[in-house]
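Engineer: One-letter residues, chain by chain:
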Amino acid sequence: MAKAIENYFDDLRNTRIWRSIFRSGTGSSTLHRSLAIQQNVFLHLFSTKVRRRMLSFNATWYLGTLTFGTFLILVSTGILLMLYYHPSVPQAYADTKDLQFVVSDGLFLRNLHRWSAHAMVFLVFAHMFKVFYRGAYRPPREFNWVIGVILLLITLFLSYTGYLLPWDQLAYWAITVGSNIASAVPVVGNKVHFLMLGGNLVNANALLRFYVLHCMILPLAAILFIAVHFWRIRKDGGLYHHQSEPRTMAVQAAAAGKADQ
Amino acid sequence: MPDDKKTVPADNNEINRRAFFAKLGLGSLSIATAGTAVFAYQFLSPNVLYEPSPIVNAGKPEGFPEDSVTLDVNSGIYLIHAKEGFFSLSAVCTHLGCLTAWKPDLGIIACPCHGSKFNREGEKIEGPAPKPLPWLRTWVNDEGDLMVDRSTTIRPMQFVRV
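Here the protein sequences come in this chain order: A and B. Following the working numbering, the numbering of the first sequence begins with 181 at its first residue and continues without gaps. Following the working numbering, the numbering of the second sequence begins with 7 at its first residue and continues without gaps.
What the hints contain is simulated information worked out from the structure, not anything from laboratory work. Fair warning: this is a prediction, and the values are worked out from it, not measured in the lab. No residue lacks a Cβ here, since even glycine has one placed at the ideal position from N, Cα and C. Treat each hint with caution, since some may be false.
Said to hold, decoys possible - Per the computed footprint, the stretches of chain A lying under chain B, defined by three or more beta-carbons under 8 angstroms from a beta-carbon of chain B, are:
| id | stretch |
| --- | --- |
| 1 | 353 to 359 |
| 2 | 378 to 385 |
Stated by the list, open to error - List time: in silico DSSO-like cross-link candidates among lysine-lysine, alpha-carbon distance up to 30 angstroms:
| id | chain 1 | residue 1 | chain 2 | residue 2 |
| --- | --- | --- | --- | --- |
| 3 | B | K123 | B | K137 |
| 4 | A | K229 | A | K310 |
| 5 | B | K109 | A | K371 |
| 6 | B | K130 | A | K371 |
| 7 | A | K371 | A | K229 |
| 8 | A | K371 | B | K137 |
| 9 | A | K310 | A | K415 |
| 10 | B | K29 | B | K66 |
| 11 | B | K123 | B | K109 |
Construct the entire structure; sequences and hints are all you get.
Structural biologist: Listed below in structure tokens is the structure:
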């Protein structure tokens, strides 16, 4: 039975249509498997070869992958929520309530969006702590750490802009307080506050600006930097494997000692 | 040879065609970038705001008995009738913009967000607020109504006597 299924998929991979889409061809040789990664627009960002132990849970705890997973959930649920949400003062709060109580599965989608947002912030920090304490930010990976910090900021701005959209008391006062923090910037603080809100108060302009930032500008920026982040893993020599383990260091120190003599 | 002239090394003040066009290109690019920045800034600053007027009509002075503090939640101001006369304070906390509340039993103004406290004249008693609550320009119009301009602050202790 398993053989039959395998044969079926082999036949499928040899059809003309399949070959026109995936050009790497069938076969399980190293070359074929490398080509399957190299010739796919999404996968070519990644290395064609990975150390087996870097795929184990212990190596990374999958924190980066999980963060990306929450991002995918947020994009898909967010697009669906946009179909019922109007970013205007009279409608925003009512639409949020409709999503909770009237729209079929609206409560599920909204909660999924909200919990994933919380999870993403948590996972981004967990990922950064893991990278930091493993020392994986060190050269040659220092630029990917910088990209990571940018992605952290984008994540936090996404959280902050999304917080206003329900347009309830919590959202209103949170954004009032948050935008007043921006006014504390020396010299340009008040201008930043004015540009951010599109006015002096948290009002219709602010709601629309935060909506556009939340649904267009910040997600596009996130996708761009995520792509660079993944690509840099390959360019910096694959996932970091800990050479800093005491035993490895001892061996290296011994080798260095010999070289000196 | 007639072409000898071209191969004469240019002295330092002269630039060749390639350098000239590179400079021209970079120059126009920086002008265009600066223009885009100015354009973006202008576009993002609204010229007309559909925000409530800063001038508030608080009504007849008789509506405010002596020694009373009245908060108008919608306009974010206190109208206070002291012994010396009327005055109004901004009710927006100078810390991060929350709406403060008058606590009649304690005789203070308190902010619910981060715990700043002010006395009835707006001076800070405690908390993170960096400045006192500002006094707002207050006057009586021709119809005898108390008016407050929220966009104009005045020095404290200027009372309106009716």
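Engineer: For each hint, tell me whether it holds in the structure or not.
Structural biologist: Evaluated hints:
{"no.": "1", "hint": "353 to 359", "result": "holds (count 4)"}
{"no.": "2", "hint": "378 to 385", "result": "holds (count 7)"}
{"no.": "3", "hint": "K123/B - K137/B", "result": "holds, 11 angstroms"}
{"no.": "4", "hint": "K229/A - K310/A", "result": "holds, 23 angstroms"}
{"no.": "5", "hint": "K109/B - K371/A", "result": "violated, 34 angstroms"}
{"no.": "6", "hint": "K130/B - K371/A", "result": "holds, 27 angstroms"}
{"no.": "7", "hint": "K371/A - K229/A", "result": "violated, 50 angstroms"}
{"no.": "8", "hint": "K371/A - K137/B", "result": "holds, 20 angstroms"}
{"no.": "9", "hint": "K310/A - K415/A", "result": "holds, 20 angstroms"}
{"no.": "10", "hint": "K29/B - K66/B", "result": "violated, 70 angstroms"}
{"no.": "11", "hint": "K123/B - K109/B", "result": "holds, 10 angstroms"}
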